[in-house]
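**Q** Chain by chain, the residues run as shown.
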Amino acid sequence: MSTPVFLSGGVDIGGTFTDCVLIGQDGRVYAGKSPTTREDLTQGFLAAIEVAAAKAGADAAAALASLQWLAHGTTVATNIMVQRSGASTALITTRGHGDAIFLQRAAGRVAGLPRTELLDLMVGVKPEPLVPHSLVFEVDERADVDGKVLVELDREGMRAAVRAAREQGAVAIAVAFLWSFANPANERAAREILEREAEGELFISVSHEVAPSWGEYERTMSTVINSYVGPETASYIDRVEGELRRRGFGGAFAVMKSDGGVATAREAAQRPVTLLSSGPAGALAATQRMLEALGERDAITTDMGGTSLDIGILVGGRPLTVDSSVVDRFEFHLPTLDIVSVGSGGGSIAWIDELSGALKVGPRSAGAQPGPAAYGNGGQEPTVADANVVLGYLNPDYFLGGALKLDRELAESAVARLAQQLGLSTLQTAAGIRTIVDAQMSDAIRMLTVARGYDPRNFTLLSFGGAGPTHAADYARELGARRVLVPFADVSSLWSAMGVALADVVHVEEASVMLSEPFDATVLQAALTRLRTSAMERVQRERIAEQDIELEIVAKVKYALQVHAIDVPLPDAERPDSEALVTRFHERYAELYGPGAGYREAGVEIIGLRCTATGRREREMRLPRPASAPRSVGEPRSRPVYWTHHRAMLDTPVLREGDLGPGWSTAGPAVIELPDTTVLVPPDFSASLDELGSICLERVAPETSGGLGAGARDGLASEAGKGGRDDLAVEGSRA
Amino acid sequence: MSGGPDLENGYLPPQGPLRTLPLPSWSAAGVEPDAVTFEVVRHRIYGIVEEQGVTITRVSGSPVATFAHDFATSVLTAAGETVYFGPYNQPQVGSIDLVTKWVMEYRGAVPGIRDGDMFLCNDPWIGVSHQADVVIVCPVFHEQKLLCWVASTIHAADVGGSTPGGFCPDARSVFDEPLPTPALKYVEDGEVRRDLEEMFLRRSRLPELLQLDLRALIASNNVARERMLTMVERFGAEIVAGTMAKVIDDAERVVARRLAQLPDGEWSERRYLDIAGLDDRGVYPIVMHLRKQGGELTFSNEGTHPQVGALNTTVAGWRAGTLAAANPMLGYDLMYAAGGLLRRIAFESVPGTVLSACHPASVSNNMMGSSGAHSLAISCLSRMLGASPDPELRRRAMAGAATPFNVTVLSGADARGRRFGSLLLDPMGAGFGAFAGRDGQDTGGRSWDPIATMPNVEYNERYFPILCLYRREAPESGGAGALRGGNSGIVAFTPHQTDAITVDISSGGWALPWAAGLFGGLPGCTNGSRHLTGTTRLAELLAAGRVPQSLDELGGEARELPPRQRDLQLQAGEIFELGWSAGGGFGDPFARDPLAVLADVSRQKLSAEAARALYGVELGPQGVDEAATAALRGARAQTQPFEAIPRLSADRSAWLCPACDAKIGSNEPQGGGYLADTKISEMAIEALSRWNREPRRFVDHEIVLRVHSCRACGCNVEAHVVDLADPRMLPAMRVEPLGAAVAAGAGVPGAESAGIPGLGGGNPKQEMR
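Sequence order for the protein chains is V and Y.
Under my numbering, the first residue of the first sequence is numbered 1, with each subsequent residue one higher.
Under my numbering, the first residue of the second sequence is numbered 1, with each subsequent residue one higher.
Isolated chain V (complex conformation) (with noise of 0.2 Å):
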């Protein structure tokens, strides 16, 4: 066998495991697994590798050899904020505004924190300042809202600072002036000494380069946590990218980033904060291109793992964003993937409310320690995994392949000690374990997509993580979703890293212009232009050819006595037409929020621009599909599975990776034991490969339907009457 050459390759590591994902000249995939090694994450990186080499039949060191683009999903900048072992930083700022950090805004006494605790005056705290109050230093500068410098900034009062900064040990300075997007003279004035000053010992972070945007609290926290983070990413990624070239390794390493794109490790460590969870975005990227290959426009994604279900939205082929973000309670501005994360996962624990009586399941999860009562670590109480377990959908003997046992008597007696108060059966308890994760999932879904203006009726989800797959059919129902899409085989678990093999490189550039109706022209397209080069050069420094370059420009609108600033393309970037400006925003306004909904008497005012440099590093990318042929033959499986709408363990055929192969198709009920998630098709569903390979559930029966609620109206939710009422399916078809 020749040695392989790979193109491309992804590496993510996360708590308990570091992924990779090889990509093959021809294409090919060839993933691997190994145990996250927590005291040096680098064995970890390497042994993943060696896995996944291994498939294609290649070691590790032919295969760092051979690689012409690696690339790395880390946690490292999360991993700082939670820890808070981030550098000693110091803010300078403009002159009486150095408070700003500190009330957040009366935000941040509840930012981020979930709405069930948000009325209990108790909990809401503001987070420990990530800049103690003496190393913020205010200096003499002003700049308007138009960017018009008031005053000039006090170089003597700067310098003075820089050094008390340092005496003080601060090893990493942010430097945020108000008005500073909208003119960075003083910004620049600022960088220029602190460079002269800092003899090259201080990690530095000016706002307008970190997070040029309207609003000085967030981006004077995009600015601090860069500085915050910097020192230790810069060095975490120089570190693994060393090891990897005394490796051998010759092609380019580039670190994946919270906008769903990644970015050389030299950029990268310029700008750590866009590392900041970054986690999530691989998926997305992945995502992008299953659509791309499906020749589709609109999904969801649902990554259910242990304790977290993770959405995000795709619109037209592109994944949502948003400008800021949460992290500590902190709010900062970063264009980053809108994807919000809502406490179901196989782990959350069902419990019984005291007073209500009522069944309830999370937030609290059992996660990878003691997990749940079935791994056999110790946990007592019930959790979402052990209902599955009871219920047939999961093979004690076959979870994550075999690799872990599970015990089904202890999910079992766990189950039923909160059956016995209930007063239900096992079965039935399970079941309703299971109902009630379903409906908090499919509401939140249904939540974030509604609140960001769209129906999720016209989408498809894809589901992936360990437990995804075994919920998606059931939520999907519930959201009238009619399609769920579940990558193939082993990459299923392996999808963020996918997707950290395949991201394009991104560079997101940032003008806040501040312009009402009529717009002025020279400085929209003077503004455009500066945009347009400065994304340009940096995407070039990436390696990129110009022709594999593609620049999205939007600007984003609003009406001026309203909040809601919206994207408006403009495609035409070096001649903007503003009227046909405004008639975008006037219709997209009114597809968002409604006919109606804008406030037109008040004028349009454009409040910033954004150019979105995408660096396409390969046009043909496959999937990971199946062999040619279903490679497994003898006895079919089966085993009794629960089904809710027939109130019974049913015997149902139970398939493995083997038995599927091109033009496979079955009916309701099935279950498909992956190796690293176990697949289920109810009785309403059919199953199919799609021509990526994928597996394909669709709603085949709404009236018949299963699962949640259908049989409400006689009893148990779980408990499904025949013919029962389901709407939700009536208006799945409909839509």
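Where hints are given, some of them may not hold.
Said to hold, decoys possible - If you want the footprint, here are the derived chain Y segments under chain V, 3+ residues with CB under 8 Å: (1) 42-54; (2) 212-220; (3) 389-398; (4) 418-429; (5) 544-557; (6) 598-604.
Said to hold, decoys possible - EDC-like cross-link-like pairs, simulated, lysine to aspartate or glutamate; straight-line CA separation at most 16 Å: (7) V:360 with Y:333; (8) Y:145 with Y:176; (9) V:360 with Y:250; (10) Y:246 with V:354; (11) Y:246 with V:353.
It should be emphasised that the hints constitute simulated quantities derived from the structure, not laboratory data.
Even for Gly, the Cβ is constructed at its ideal location relative to N, Cα and C.
For this one, chain V is given, so just place chain Y on it according to the hints.
**A** Here is chain Y on its own, set in the frame of chain V:
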């Protein structure tokens, strides 16, 4: 039926069933939702009130809706009981069930309540707190039977009246204010009544924006109705009705259980509201009595000053302010299921008072009365929680939150001719009162709106033609205490790119603080605004490269503005500085750990001078100067940390000092009150913090802080603001033995001495829910 006397005195629903025509409605009808279905439906109903909020912000899109969340949403049962409300403006929630019940009582016959109808109301004598709040309630029918009500309310863009924005600082009566509108059938058979819409919009300076706000409410109700009916199709009307009933029953049970852990008793509080209109120099007592008997709470406002000037709220605003305190203090874990709590609360109101004004009093500044009620209720409820043997309830006792809002409206036109006019939202960043077990959150927001935020300076400079010189947390603005009150802020700005800005102020809490301390903690600071006029050095300083950081650097003449101000012209080159009230402290400040004081000073929460003056802590280069601190604290120094809540003696006849267990007062009905044996001293209001002013500057009353301390150890056990011309012994606490079935009657020490001028006693008490 007409609105009857309710439209005179203000509506409170009857304690028994509503006086309605028979209206067929769905009930659980014996179908108890099972444990699983209940959870699924319950979760979904909560989702509906949130989806309503999403809809309102999307359609309205106005800054007040989005940043200040000045709106509310609810789902109510067919009987008008609140099931859930969204996490938005809590006082507005109190108006929704009132309007719903009033509609059921007075609109059932004519024009009738039918499928497809919605009723609009902004009448403070029916349910809203002030006219700017517009409620739209919508009955939801299924098969011709009423299933539930869904409702939304918003603080709407201008609804008319003599002042833009609707707070009229000098209104003589409601006839100078936005017109109140009793419930109208605004939507009939699914269609907005064009005639009524035009009638309503006609009053506004911004009719298009008002129309959007009204559309937002209707869209929100439509979403909720559709979602409720989808659930009915799915689960059946009985299950949905049964789930709603059970949510309320469960919440009621939690509240009842909580109340069972508390002794019966009676707690009373008194505050003074200052300044009832332009050029007024008065202070006006407001009073709250909280009586707990078994599983019932009764709030009364007896003893409150008669309605006066432009200071008043209707009974709806009093109830709303009270509920906004009771909800988070007693129902913090109930996911906003207010209906259950309400079953355990009765309101006794005396019509014709500042807190329950009769028509046609001015009520557009209801925020003063509602905030006062909120503040009173926090203190009364905290005293009650403090009497619990359960530490989990005791630790939730809290000092008063920052109040009232410094209501300052800027309007005018900028250099480009663009008009602006809006409330300054910086005071959203206010300090919380200290809890029994924790300092108050600095600049933490407003407890009556869990998610409201203050705008960025850059937002303000874009909405208004201003340049903000500084915006900071105000050190020691929070009341001193063993647990420190949360600090608030201060902001200063100058007109920028405009010749002048018009400033209107309609607030209070200027002469004296309203945010009370508790059990020896000191009150949070007062509101205040200063206008720097004349020739200032601003241009000169900026040109020299300096951004001034205090009015002192600027020359000119600094004028302390009163809390009621109309049409102030802020000229280019002049400065406006605004500070807002902060949270109260908990327990004697001298009992605060000197190391905590040191940390406060190093984090600029407190100046070294305030540490010395208020906390008796001397700091030196090495940290706490222990000798000097001991000398400053003297006999009041405490060696052991203690819970700063007075305890009852074993025979329950006496109140004991929390620090040394010496007697501080009596718990006997005629024993002279809970502070009878304390040593009384006085402290000047302006000595409380650098932000407070001499009361005489604004009012013609002798106002001081009266401090009660233990005669044995010197520990301060209570500190409250008094008008020396009105020296009543309040606050009061009297607690029955735990578990006593019946509490004693009306014997509130100090409160029974009638003789409140002008009350007349002619108005009967209303005793309703």
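**Q** Of the numbered hints stated previously, which ones are contradicted by the structure, given in increasing order?
**A** 8
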